[in-house]
Amino acid sequence: MAIRKMYRILSIPLATSLCLLLTTGCWDRVEVNDLAIVTGAGFDLTDDNKIKLTIQIFDPGSSSESSTMGGSPSNERKQPLLESAVGLNTADAASKLQELLSRKFFWGQADIFVFGEKLAKHGIQDPMDFLTRHPHPRERANMYISKGNADSILQWEPHIERNSSEVLREMSALQSGLDIKLLDVIVQLGSDVHTTVIPWVSMKTSDNKPTPYLGGYASFQDLKLNHWYNQQKTRGLLWLRNEIMTATLTAKPGDDDPGVVSLQLLDTRCRLTPSIQGNKWRMKVTVTTKGDLVQSTSSMDVTKLENIEKLEDLFEGVITKRISSAVQTAQKSNTDVLLFAREYHRHYPKQYDTAKLNWKTIFPAIEVEYETEMTILRTGLIGKNTSLSKSRKEGEGP
Amino acid sequence: MEKKSRISAAQLCLLMYLASSGTGLMSSPSVAASFAGLDMWIAPFWGLIGGIACLWIMIQLHRLYPGQNLIQYAEAILGRIAGKAISFLFLFFVLFTTGYVIRQMTDFLSNSFFPRTPPLFLGVCIVFVCAAAVNSGIEVICRLPVLFFPFPILMMVVIFVPLFPDLKPVLPIFEHGILPSFWGGCALQLWYAVFCFATFYIPNVHNQDKLMRWSMLSPILLCLLLAATNWSITSILGDAASMYHYPFLVITRFVSFSEFFEHLESIVMMIWVVAFALRIMYGYYCAAVGLAQWLKLPDYRPLIWPVGMLLLLMSVWDIKTTQFAQFDSLVFPAFYALCGIGLPFLLLVAAWVRKGMTPASQHKTSNASASPQTQQAEQTK
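In order, the protein sequences belong to chains A and B. First residue of the first sequence? That's 1 in UniProt numbering, and the numbers climb one at a time after it. First residue of the second sequence? That's 1 in UniProt numbering, and the numbers climb one at a time after it.
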């Protein structure tokens, strides 16, 4: 057939021209040595309300040297590679920053994003939109608020890990509750109450050198920082949000008892049960927890069941106190970081639908009841520590 | 037409399922979320009605006209001119939706992974691959999903298993009544209506007795997949789900196996491109065969390149970006449902009327290979 022949003849130049297309290569080809790999980024607010973006760049030269010259440790450590630029918003600052670099920067490996205190109080919508919209920053990056400027955290040079971003990420992973990812913040902000919590970090001097320290949560209302939660209250929050994994509680058993008792919690579960009676909104917080005794210098005989029950009551009180202090702070600052709104939404969708518009007047008035159930499972390798109590008796003599 | 190429009902089931699951996973969650909110995981069950109706109509039509597809029996049912017009509309639907899928793919790839590669180049690449598959015939097209079937399963396992601890029941159900999820289901006809492409494959199925069972399985599988995906998306992203264009991509980026296996989105993208390619060749073959029959050509193969060009044209034709097109309005789903379900239903009604009017002896010969059920039904008439 003539048509078929024509088709065949025509297909040869067509096929060759298609091969030509392949020689142009891929437009989005990226070589690793053309990339400045961002390991952490800080966002600050300048005095004239502009955004200052600071990035910590992975320095491939220094890390490969230190690994090959493992035998001869050099005392002078290189400062981490930091670059910063100021712009109208984050994207503008990023483009200004690019002008300072010989390599294109790459967000895909950024482990942490730090917001400076001033920016956090002013509002975090600018960097949050950038981080959500841009396809490169990863949803698994950790978020922090820095007391002071964000770049002071990034600047710090650690001794064990590669850089400060790595240190913070590992610290967060250990204290699982303070592990707030970018996606967590986005999801929390997306809810009706429009609040979120982000862990805060500050530099603390330990043994004459500064060390970053995760202090607790900072809560946000309407994208603005409105309260710092200290370590104790953060613990209370973590219990409520069911994010606590392990914790050590320490308490004095009684006024006449000189010793203290410590308990390691193994398994903690918290359940929120909302109820609405007439106009009264109530929330019942039920905590069930199990723990092991890890230290006891009290004179109490922990092998006796009634003493164990006494200790259980004691620690139930401690837990209730911590949770209630977190709840009181949240209600006082009128920031629903306790996820109460979500519980009402789940169980009372109709009432919540009308209430969510004036949640700010309802939330502080919610009556919270606590019910704590604690079980001490084991007392460690020993029961009553007779070797110590004897020596104490002899010491008390003269 | 070559009558010797034969496929099995199971292969067709897999093809239809995989072809719609790729695009379904990518953009159906945000479509469902924009209508149904927290009820987005219920929406696929409403949509399922459309998918099942669509396949049932196609199979009934095929029982009345065995060995023919919609383009062929449209003329027999409605006469020459009306039949040609209806089948032209149907062909346009096939071409347009497949071109639209190419556009979705190129937009997704250039938005998330290749910002600097010209989108048309990505489109040309995929059309080229699909043209090669369509050129090899229906048997190859139907074997490809069998070959690739394990990979999407693997992807599901890799993504859903690490997310398992984060999953929780989505409450409240039917917060704003039953309607939001129903409209979400209507919007999902963007995927369920596409099952009507089966009309071009059904005549080649050799085990017609199992056809009904297998083809019903396909929309059910799709429904379960979408429901599971939407459920995990709502329980992880909450109210933020409707904000994202590609919520499923976000949750895959969030997957982490003990800090060890991260950045899974590259694997997801790989499997996604395979699913997209299957979807495009699924429609491409229909367009080529349909156009050949519409023009009364003996073979569809000379039309493969022109149809490919048409598909590429459709993919850039008057669509600024796919991101704005399908949210918040039922215009697109209505078009899909009208062409994919409404039009075949019209044909079926017309065929029933026609068969009822003509004497039974006349079409008895044409119905020789039809299933005993229809024959029985006709004998009672």
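Among the hints, a few may not be true.
[Stated by the list, open to error] Within a straight-line C-alpha distance of at most 25 Å, the following computed BS3-like cross-link-like pairs (lysine-lysine) qualify:
id, chain 1, residue 1, chain 2, residue 2
1, A, 252, A, 384
2, B, 296, A, 181
3, A, 121, A, 209
4, A, 147, A, 204
5, A, 284, A, 204
6, B, 296, A, 290
7, B, 168, A, 350
8, A, 310, A, 290
9, B, 168, A, 5
10, B, 168, A, 356
11, A, 284, B, 296
[Claimed, not checked] Pair by pair, the computed Cβ-Cβ distance ranges are:
id, chain 1, residue 1, chain 2, residue 2, range
12, B, 269, A, 251, 38 to 44 Å
13, A, 31, B, 120, 54 to 60 Å
14, A, 108, B, 154, 41 to 47 Å
15, A, 303, B, 266, 57 to 63 Å
16, A, 2, B, 132, 30 to 36 Å
17, B, 92, A, 12, 30 to 36 Å
18, B, 5, A, 31, 34 to 40 Å
19, A, 46, B, 263, 32 to 38 Å
20, A, 294, B, 150, 48 to 54 Å
21, A, 248, B, 129, 33 to 39 Å
22, B, 45, A, 251, 31 to 37 Å
23, A, 262, B, 266, 44 to 50 Å
24, B, 92, A, 222, 45 to 51 Å
In short, the hints are calculated from the structure, not lab data. Virtual Cβ for every residue (Gly too), placed ideally from N, Cα, C.
Status of the hints after comparison with the structure:
1. A:252 x A:384: holds, 17 Å
2. B:296 x A:181: violated, 60 Å
3. A:121 x A:209: violated, 28 Å
4. A:147 x A:204: holds, 11 Å
5. A:284 x A:204: violated, 38 Å
6. B:296 x A:290: Roughly 78 Å separates the two Cα atoms, so the pair is violated.
7. B:168 x A:350: Holds, because 21 Å separates the two Cα atoms, which is no more than 25 Å.
8. A:310 x A:290: holds, 15 Å
9. B:168 x A:5: Distance ~63 Å between residue 168 (chain B) and residue 5 (chain A) Cα, so the pair is violated.
10. B:168 x A:356: Answer holds: residue 168 (chain B) to residue 356 (chain A) is near 23 Å, not above 25 Å.
11. A:284 x B:296: violated, 74 Å
12. B:269 x A:251: 38 to 44 Å: Because 53 Å falls outside the window, the suggested range is violated.
13. A:31 x B:120: 54 to 60 Å: Violated: the Cβ-Cβ distance is about 25 Å, outside 54 to 60 Å.
14. A:108 x B:154: 41 to 47 Å: Hint violated: Cβ distance 24 Å, outside 41 to 47 Å.
15. A:303 x B:266: 57 to 63 Å: Given about 58 Å between the Cβ atoms, the range holds.
16. A:2 x B:132: 30 to 36 Å: violated, 25 Å
17. B:92 x A:12: 30 to 36 Å: About 33 Å separates the Cβ atoms of residue 92 (chain B) and residue 12 (chain A), which means 30 to 36 Å holds.
18. B:5 x A:31: 34 to 40 Å: Because 47 Å falls outside the window, the suggested range is violated.
19. A:46 x B:263: 32 to 38 Å: holds, 34 Å
20. A:294 x B:150: 48 to 54 Å: holds, 49 Å
21. A:248 x B:129: 33 to 39 Å: violated, 60 Å
22. B:45 x A:251: 31 to 37 Å: violated, 53 Å
23. A:262 x B:266: 44 to 50 Å: holds, 47 Å
24. B:92 x A:222: 45 to 51 Å: holds, 50 Å
In summary, the structure is inconsistent with hints 2, 3, 5, 6, 9, 11, 12, 13, 14, 16, 18, 21, 22 from the numbered list given earlier, while agreeing with the others.
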